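Protein chains: 2
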Amino acid sequence: MSSVNTDGGSRGSGRIPLNAATAVDKACPHNVNISCASCRLNELCLPIALSKAEIHQLDEIVQRNRPYKKGDHLYRQSDEFKSVYAVRSGSFKSYVLGTSGQSRVTGFFLPGEIMGMDGIASKDYANSTVALEHASICEIPFFQLEKLSHQLPNLQHHFFAIMGNEIAKDQQIHTLLSSYTAEERTASFLLGLSSRSSRVSLSPTRFLLPMTRSDIGEYLGLTVETVSRIFTALQRKGLIKVRNREVDLLEIDTLRAIVTTN
Amino acid sequence: MSSVNTDGGSRGSGRIPLNAATAVDKACPHNVNISCASCRLNELCLPIALSKAEIHQLDEIVQRNRPYKKGDHLYRQSDEFKSVYAVRSGSFKSYVLGTSGQSRVTGFFLPGEIMGMDGIASKDYANSTVALEHASICEIPFFQLEKLSHQLPNLQHHFFAIMGNEIAKDQQIHTLLSSYTAEERTASFLLGLSSRSSRVSLSPTRFLLPMTRSDIGEYLGLTVETVSRIFTALQRKGLIKVRNREVDLLEIDTLRAIVTTN
DNA sequence: TTTGGAGCTTAATCTGGATCAACAATCAAT
DNA sequence: ATTGATTGTTGATCCAGATTAAGCTCCAAA
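Residue numbers (our numbering), protein chains in the order written: chain L, 1 to 262; chain H, 1001 to 1262.
Quick caveat, the hints were computed from the structure, so don't treat them as lab data.
Everything numeric in this text was worked out from a predicted model, so none of it was measured.
The C-beta atom is built at its ideal place from N, Cα and C for all residues, glycine as well.
It is possible that some hints are incorrect.
[Said to hold, decoys possible] With a Cα cut of at most 27 Å, we get these calculated BS3-like pairs of lysine-lysine: (1) Lys70(L) / Lys52(L); (2) Lys1052(H) / Lys123(L); (3) Lys169(L) / Lys1241(H); (4) Lys123(L) / Lys82(L); (5) Lys123(L) / Lys1169(H); (6) Lys123(L) / Lys1147(H); (7) Lys169(L) / Lys123(L); (8) Lys147(L) / Lys1123(H); (9) Lys123(L) / Lys52(L); (10) Lys1082(H) / Lys147(L); (11) Lys1082(H) / Lys82(L); (12) Lys1123(H) / Lys1169(H); (13) Lys82(L) / Lys1069(H); (14) Lys1070(H) / Lys1237(H); (15) Lys147(L) / Lys123(L); (16) Lys123(L) / Lys241(L); (17) Lys1123(H) / Lys52(L); (18) Lys1147(H) / Lys1123(H); (19) Lys1147(H) / Lys147(L); (20) Lys1070(H) / Lys1082(H); (21) Lys1052(H) / Lys1123(H); (22) Lys1069(H) / Lys52(L); (23) Lys1052(H) / Lys169(L); (24) Lys69(L) / Lys82(L); (25) Lys1069(H) / Lys1052(H); (26) Lys147(L) / Lys1169(H); (27) Lys1070(H) / Lys1147(H); (28) Lys147(L) / Lys1052(H); (29) Lys1069(H) / Lys1147(H); (30) Lys1082(H) / Lys169(L); (31) Lys1169(H) / Lys169(L); (32) Lys1123(H) / Lys1082(H); (33) Lys70(L) / Lys241(L); (34) Lys147(L) / Lys52(L).
[What the hints assert, rightly or not] Label-pair distances were calculated between CB atoms; the ranges are: (35) Gly98(L) / Ile1252(H): 19 to 27 Å; (36) Ser179(L) / Gln1057(H): 39 to 47 Å; (37) Ile1252(H) / Ala49(L): 22 to 30 Å.
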């Protein structure tokens, strides 16, 4: 069905089709020969609010590596912090391992979003981050980003904003986890994916879940079984349609009402 | 018992005794005639890692306002974002209001800690922030902090670190709320206060809770009753001693074990 | 010094979501 | 096509923590 190549691990080959068949692939080709200036995500990624000349300077420090296969790690918990990463295509999850080996998902990352900011303070990454599907990234070595931010006030300002946004978002999740029911959490999660989907010019009502039910549960503080049951319940109420990883938000306003009325 | 003045609201008077009687007051006088250079918190607040000359420049933009009384708001949810604030003495909580008026606590702030970073991205504060006791702050107008950061690479670097630290901390809370039991959450909370207490050169095993049981519950996603019960249970096990707002951590390693073994 | 209200504790009961268990669907690898 | 592993669903039971209810402690204000 998809024309994504399956050459089984030759990550460095670069022979990735420019126009794969799925919506996600079309939106975000895994092409490595791209610049921030020409990247279709530049309006929502780091280059936002930078001038042409500034984007060119940013381009100089951005490294566009080989793509990642599903299950490949970008970095692991307590690796030395070196870079932040922007998702160019595909998706990632970050997670930590508990003492008895259980994983807890701390975030999901879609195209245009920045990963690795949890390492800035401690000089070690606090999470592991792994590709949920075939994916590609832009690596931005942090000490170079700092140096450049010092030359470009716009970039400094924007990176403060990106971090501030992450802080605000994390605090919303704090509220979600401390006081929402399973149904409210799940509805909120779907609505979040919806708006992130439309951010990258895809449908806000119909998208693919790149993560498993178990990932969702670990992220929302619920068990797989509960996530599954809530999906079924929301479907029975006619608010969504789920078929495997494919989700349709049929009654987006009712979903919003579930979240708001808590 | 305390010599804190009770002149009933003349917040602008500035006639605050230099050495109040409580431990907290001794540690953090509400004195407004102070500079970053002479502040006893400068090793853990914004000036960290700055040179004498740089601290002097920072001093120029820091505003040391009148002290706050218990219940006074620093800013409210959706006020226009203008400044970040460092706690000089006392303590604060941040919270958001749900649609039906219930409050949810999103954070507590002790001396040397920075408040208001949730507003950086959106230009509006996402939380309300209120004094839990008589307290004083340093206000740092954000656009001036940005301008100065642009001149002082050390300050830029350090502020990135402060924000990165906030992000890492918020993600720990995500994990806490999504997978810890009531006892684990409470133990973790007490240990957190313990290390923050020792950060400001107070005892790591004996301190006063500036917040109510209800605040703790709203922060940890538990009810007041549960918090109260857990305190009692930990006390019966001989791990802590609680008497009103006063806490003694008697078996700090066992508390750590409770948190780790989850 | 009384009084009222906020804050805290304890006990009895209830319930949302976890746990346990079984099975179905999907997919990758032969 | 067959196999095994991973992922997802559904049902039955259980329990941690919520809810409800009552009384207690503390302290500020009259």
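Against which earlier hints does the structure fall short, listed by number upward? 1, 3, 9, 11, 13, 14, 16, 21, 22, 23, 25, 27, 29 and 37
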